[in-house]
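Make the full structure from the sequences, and use the hints.
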Amino acid sequence: QKEVEQDPGPLSVPEGAIVSLNCTYSNSAFQYFMWYRQYSRKGPELLMYTYSSGNKEDGRFTAQVDKSSKYISLFIRDSQPSDSATYLCAMSAWGNKLVFGAGTILRVKS
Amino acid sequence: NAGVTQTPKFRVLKTGQSMTLLCAQDMNHEYMYWYRQDPGMGLRLIHYSVGEGTTAKGEVPDGYNVSRLKKQNFLLGLESAAPSQTSVYFCASSLDTGIRNQPQHFGDGTRLSIL
Numbered sequence: 006q007k008e009v010e011q012d013p014g015p016l017s018v019p020e021g022a023i024v025s026l027n028c029t030y031s032n033s034a035f036q037y038f039m040w041y042r043q044y045s046r047k048g049p050e051l052l053m054y055t056y057s058s059g060n061k062e063d064g065r066f067t068a069q070v071d072k073s074s075k076y077i078s079l080f081i082r083d084s085q086p087s088d089s090a091t092y093l094c095a096m097s098a099w100g101n102k103l104v105f106g107a108g109t110i111l112r113v114k115s
Numbered sequence: 100n101a102g103v104t105q106t107p108k109f110r111v112l113k114t115g116q117s118m119t120l121l122c123a124q125d126m127n128h129e130y131m132y133w134y135r136q137d138p139g140m141g142l143r144l145i146h147y148s149v150g151e152g153t154t155a156k157g158e159v160p161d162g163y164n165v166s167r168l169k170k171q172n173f174l175l176g177l178e179s180a181a182p183s184q185t186s187v188y189f190c191a192s193s194l195d196t197g198i199r200n201q202p203q204h205f206g207d208g209t210r211l212s213i214l
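Respectively, the protein sequence lines represent chains A and B.
Start counting at 1 in the first sequence, then tack on 5, and there's your number in this note's numbering.
Start counting at 1 in the second sequence, then tack on 99, and there's your number in this note's numbering.
Treat the hints with care, as some may be off.
[Stated by the list, open to error] Derived lysine-lysine pairs resembling DSS-like cross-links, with alpha carbons at most 27 Å apart: (1) A:Lys102 - B:Lys170; (2) A:Lys102 - B:Lys169; (3) A:Lys102 - B:Lys156; (4) B:Lys170 - B:Lys108; (5) A:Lys72 - A:Lys102; (6) A:Lys72 - A:Lys61; (7) A:Lys47 - B:Lys113; (8) B:Lys113 - B:Lys156; (9) A:Lys61 - A:Lys47; (10) A:Lys75 - A:Lys61; (11) B:Lys108 - B:Lys156; (12) B:Lys156 - B:Lys170; (13) A:Lys7 - B:Lys156; (14) A:Lys7 - A:Lys72; (15) A:Lys47 - B:Lys170; (16) B:Lys108 - A:Lys47; (17) A:Lys47 - A:Lys7; (18) A:Lys47 - B:Lys156; (19) B:Lys169 - B:Lys156; (20) A:Lys7 - A:Lys102; (21) A:Lys102 - B:Lys108; (22) A:Lys47 - B:Lys169; (23) A:Lys61 - A:Lys7; (24) A:Lys75 - A:Lys7; (25) A:Lys102 - A:Lys61; (26) B:Lys108 - B:Lys169; (27) A:Lys102 - A:Lys75; (28) A:Lys7 - A:Lys114; (29) A:Lys47 - A:Lys102.
If you are wondering where the hints come from, they were derived from the structure by calculation, not from laboratory data.
As the structure is a computational prediction, the values presented were derived from the model and not from experiment.
Spelled out as structure tokens, the structure:
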């Protein structure tokens with residue numbers, strides 16, 4: 006079993022929809038949670054960075070962490086075609102290396 | 100501000116050939132990393148460095164060597180390329196961990212095919 010599980014998709018939604026992307030994990034020592042967006046033929050770029058549990062909002066993006074369930078989510082409101090990309094979750098324990106999910110492909114149709 | 104720059108962007112090698120991938124960062128980051136990305140596997144850490152002159156093994160180090168002679172550069176070498184090393188290679192850098200783990204900043208990758 007992988008340490009971090011992420012549905013590969015693809016997830017296809019109409020423009021303006023609310024998108025929910027999720028990851029589950031097994032290591033209870035994880036405290037730092039990140040979401041990266043990766044466009045085709047580009048490197049991952051950091052979208053959201055969260056420490057421990059709770060919510061964090063940045064514009065149309067909201068990251069949620071539920072450590073009791075070992076579950077993290079990324080919500081995208083008013084999705085746009087420019088949001089079409091692969092979304093990678095990543096997490097680590099203090100001082101340890103990042104562990105990445107395999108990524109979810111998102112397609113937003115205009 | 101260029102961030103993390105990787106060269107070359109594309110390369111085709113024959114089995115048994117050697118090559119070096121170069122990563123340069125201009126953010127004065129202490130930590131640097133090499134990953135490979137394969138379909139369905141996500142990003143897997145090959146080697147990393149916590150400072151100039153230091154290197155350490157990651158999750159999949161076999162068949163690769165690295166060097167960090169200067170703080171801003173991190174080199175990944177393939178001594179004898181194998182078809183299993185066909186992949187997209189990403190370099191990343193971050194500040195030191197300090198109190199809280201710092202996020203990593205990535206280059207745009209090197210696409211390597213080994214025939």
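Hint check results:
Taking the CA atoms of Lys102 of chain A and Lys170 of chain B, the gap is about 19 Å. The hint holds against a cut of 27 Å. Only pairs whose Cα atoms come within 27 Å are accepted, and Lys102 of chain A paired with Lys169 of chain B is accepted, the gap being roughly 22 Å. Of the pairs offered as hints, the one joining Lys102 of chain A and Lys156 of chain B holds, with about 11 Å between alpha carbons and a cut-off of 27 Å not exceeded. This hinted pair checks out: Lys170 of chain B and Lys108 of chain B have alpha carbons roughly 22 Å apart, not beyond 27 Å.
Restraint check for Lys72 of chain A and Lys102 of chain A: satisfied, since their Cα atoms lie roughly 19 Å apart, inside the 27 Å limit. The hinted pair formed by Lys72 of chain A and Lys61 of chain A meets the criterion: a straight-line CA distance of about 14 Å does not exceed 27 Å. A distance of roughly 25 Å separates the Cα atoms of Lys47 of chain A and Lys113 of chain B; the hinted pair therefore holds under the 27 Å criterion. Under the criterion of a C-alpha separation no larger than 27 Å, the hint pairing Lys113 of chain B with Lys156 of chain B is consistent with the structure, at around 25 Å.
Straight-line distance between C-alpha atoms of Lys61 of chain A and Lys47 of chain A comes to about 25 Å, which keeps the hinted pair within the 27 Å bound. Only pairs whose Cα atoms come within 27 Å are accepted, and Lys75 of chain A paired with Lys61 of chain A is accepted, the gap being roughly 17 Å. Using a Cα cut-off of 27 Å, the hinted pair Lys108 of chain B and Lys156 of chain B holds, with the two alpha carbons roughly 24 Å apart. With a C-alpha separation of about 18 Å, the suggested pairing of Lys156 of chain B with Lys170 of chain B holds against the 27 Å cut-off.
For the hint pairing Lys7 of chain A with Lys156 of chain B, the CA-to-CA distance comes to about 20 Å; that is within 27 Å, so the pair holds. Among the hinted pairs, Lys7 of chain A with Lys72 of chain A is consistent with the structure: their alpha-carbon atoms are about 17 Å apart, no more than 27 Å. For the hint pairing Lys47 of chain A with Lys170 of chain B, the CA-to-CA distance comes to about 24 Å; that is within 27 Å, so the pair holds. The hinted pair formed by Lys108 of chain B and Lys47 of chain A meets the criterion: a straight-line CA distance of about 11 Å does not exceed 27 Å.
Of the supplied pair hints, the one linking Lys47 of chain A and Lys7 of chain A holds, its CA atoms being roughly 25 Å apart against a limit of 27 Å. For the proposed pair Lys47 of chain A and Lys156 of chain B, the alpha carbon gap of about 25 Å is at most 27 Å, so the pair holds. Restraint check for Lys169 of chain B and Lys156 of chain B: the C-alpha separation of about 18 Å stays at or below 27 Å, so the hint holds. Of the supplied pair hints, the one linking Lys7 of chain A and Lys102 of chain A holds, its CA atoms being roughly 15 Å apart against a limit of 27 Å.
Of the pairs offered as hints, the one joining Lys102 of chain A and Lys108 of chain B holds, with about 25 Å between alpha carbons and a cut-off of 27 Å not exceeded. Between Lys47 of chain A and Lys169 of chain B the CA atoms are separated by roughly 25 Å; this keeps the pair inside 27 Å, and the hint holds. Between the alpha carbons of Lys61 of chain A and Lys7 of chain A the distance comes to roughly 26 Å, so the proposed pair stays at or under 27 Å and holds. At roughly 13 Å between alpha-carbon atoms, Lys75 of chain A and Lys7 of chain A fall within 27 Å of each other, so this suggested pair holds.
As the CA atoms of Lys102 of chain A and Lys61 of chain A are separated by approximately 22 Å, the hinted pair is consistent with the 27 Å bound. Distance hint between Lys108 of chain B and Lys169 of chain B is fulfilled; the C-alpha atoms sit about 21 Å from each other, no more than 27 Å. For the hint pairing Lys102 of chain A with Lys75 of chain A, the CA-to-CA distance comes to about 18 Å; that is within 27 Å, so the pair holds. Of the supplied pair hints, the one linking Lys7 of chain A and Lys114 of chain A is violated, its CA atoms being roughly 31 Å apart against a limit of 27 Å.
As the CA atoms of Lys47 of chain A and Lys102 of chain A are separated by approximately 22 Å, the hinted pair is consistent with the 27 Å bound.
In summary, the structure is inconsistent with hint 28 from the numbered list given earlier, while agreeing with all the others.
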